[in-house]
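Turn these sequences into a full structure, and let the hints steer you where they fit.
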Amino acid sequence: MAHYLVEKGFIPLDKSWIIRMGILDLLDKNEYTIKFLKERFDESSDDLKALYNSSIDWRECKLIRIGESGTLYRFLRFASWKL
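Quick note, the sequence shown lines up with residues 1 to 83 if you use the working numbering.
Certain hints may be false.
Cut-off 20 Å, straight-line C-alpha distance, at most; resulting in silico cross-link-like pairs (PhoX-like, lysine-lysine) [as the list claims (entries may be wrong)]:
1) K62 - K82
2) K38 - K15
3) K49 - K38
4) K38 - K62
5) K29 - K8
6) K35 - K15
7) K49 - K35
8) K29 - K62
9) K62 - K15
10) K82 - K29
11) K49 - K29
12) K8 - K38
Think of the hints as simulated: they come from the structure by calculation, not from any bench.
In structure tokens form, the structure reads like this:
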């Protein structure tokens, strides 16, 4: 039932959880979150679009675009310290 409510737009995607999973995917070199966000890019919040863009940038060793997402910034900063 919850999946249906998310698909219909009644419940927004939990950006905090997706950002956490995205950072773990970056560290583990998985692309699950990138694929998930790519399929839903147009309907995603600005923070999730920033997660998608920053994930691509991270993998390509480019300047990372994080937009205005403080949560994403903090998690990427922590991830960079761990490497």
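Just pull the numbers of the violated hints for me, sorted ascending.
5 and 9
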